[in-house]
Amino acid sequence: MFDDFMVRAALAGIGLAFASAPLGCFVVWRRMAYFGDATAHAAILGVALSLAFSMSIFVGTVVVALLMALVVSVLSEKGYAMDTLLGVLAHSALAFGLVAVSFLSGIRIDLMAYLFGDILAVSRGDLSVIWGGAALVVSLIGWRWSGLLTSTLNADLAYANGINPKREQLVLTIALAITVAVAIKVVGVLLIAAMLIIPAAAARPMSRTPEGMAIAAGLIGMLSTIIGLQAAYVLDTPAGPSIVCVTAITFIFTSFLKLLGHRR
Amino acid sequence: MSLIHVEGLSVSYGARMALSDVSLRIEPNEIVTIVGPNGSGKTSLLRAIIGAVKPLAGSIVHASNLKIGYVPQKLHIDETLPITVSRFLRLPGGLADVDYALKQAGVPELEKEQLSQLSGGQFQRVLLARALIGKPDLLLLDEATQGLDQRGSASFYQQIETVRKATGCAILMISHELHVVMSASDRVICLNGHVCCEGAPAAVASAPEYRALFGTGTGGALALYRHEHDHDHGDHCHNQDAE
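Listed in order, the protein sequences are those of chains E and A.
Each residue of the first sequence is one higher than the one before, starting from 1 at the first, in my numbering.
Each residue of the second sequence is one higher than the one before, starting from 1 at the first, in my numbering.
If we strip away everything but chain E, and leave its shape as in the complex, we get (with noise of 0.2 Å):
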């Protein structure tokens, strides 16, 4: 079954939609949407060192992806307003990547491949890492799930309960270094934001609790790889791409159904 590359695109798809549908909600609910970019494009400077210094791609990007978070963390609290501060690291980070990557002489890398993923290529390897961390980042999300849920809706509220809202934000901020590590290969750099995003926008319209979200999130976002991989085969069309395409299209639906919910 693992044989057949169609078979382990929708698994790594499937495994993807899995860590980001809970995570996706909370980038959602707690207007970090931009944050989510600013860690993937931090990856490519992460894919750069990485190759540099002959390290796993993978511990490359969870490390760079991580300080990122971590610095947009500590500056926010400094008072930096956050969209600007995400414009400017986002993009010089990705600057910053693109110019280490044409440093190094003799490495002739595939930035396509990074920018925009390749699902097609996943091999068995690149499965277990995609599940290991979705399982990992799944659930860590599930184990604070009550202390996230509080800090997001409050600060204040959580101290009051006798949670710290800096270390679930700081749970958060790992959990998000760890799928763009992980997805990075699989939808690229500049999809993995939106496959946090529009699944768990897309859900919510029809959610009255935020588990509720969460869970449709994830059922949006498998069903879109399965449904996104056949048109790319049927269409040829890019894979990655077409399953964000179906993503959009199901958040247009349910959008729309909620308005017509609202005029009966």
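Hints listed in this document are in silico derivations from the structure and should not be mistaken for laboratory results.
If you're wondering where the values come from, they're calculated on a predicted model, not measured in any experiment.
For each residue, glycine too, the CB sits at the ideal point set by N, CA and C.
Keep in mind that a hint or two might mislead.
Said to hold, decoys possible - According to the in silico footprint, chain E covers these stretches of chain A (three or more CB under 8 Å from chain E): (1) 46-52; (2) 61-72; (3) 86-92; (4) 169-178.
Once you've looked at the hints, dock chain A against the given chain E.
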């Protein structure tokens, strides 16, 4: 024994001192109101008590097993977060007597509503219910009626009084509504970076300086006021610049 004993508390944000050398005690079953101008450190005091800001100096001692219920100043629920009232009340504990808390807060019918769909008055009641859910010994209210009209806030404070009678909890609240302060509090603490004065509301209210401060215009009902102490501390409030 006091529920809370604050001794020599100082809090700063960077170079700006929010509180310096504040000492106070809260006894069981009393209602204490903090008044003071904007930026006088009222909210910082409550945040220090719940542990949201670290004191620069001084100590805050809680009675053993003290349970605190906290109603924040304002709470924005993001539209993107779907959550029902009952789920909100169950955070983060899990098991909780949602019916009891909503009844105490006077809104038993809201259990299944979405939080983002509530009116301002309903929302404050739900926040109160959430603060009551752990059966607290001390309730902290930070301008809990901000944004409510006069009728809404009057009925909110009536509910607070009912809650105290029913549960026997002590209440420490910040309020700008001086008619409430005067009628409902056992004790008033006047804060302006430090404790300027404190005492029974009648004693504070009978002070001529207090009259000059609050007694004109709106008849003391909703006075916005300037309060510039010149650090000549006596037994009652002083004011150098009454308007």
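Checked hints:
1. 46-52: Result for this restraint: holds, n = 4.
2. 61-72: Three-residue rule met by the stretch 61-72 of chain A, so holds; n is 4.
3. 86-92: Result for this restraint: holds, n = 4.
4. 169-178: violated (count 0)
Against the hints set out earlier in the document, a violation occurs for number 4 only.
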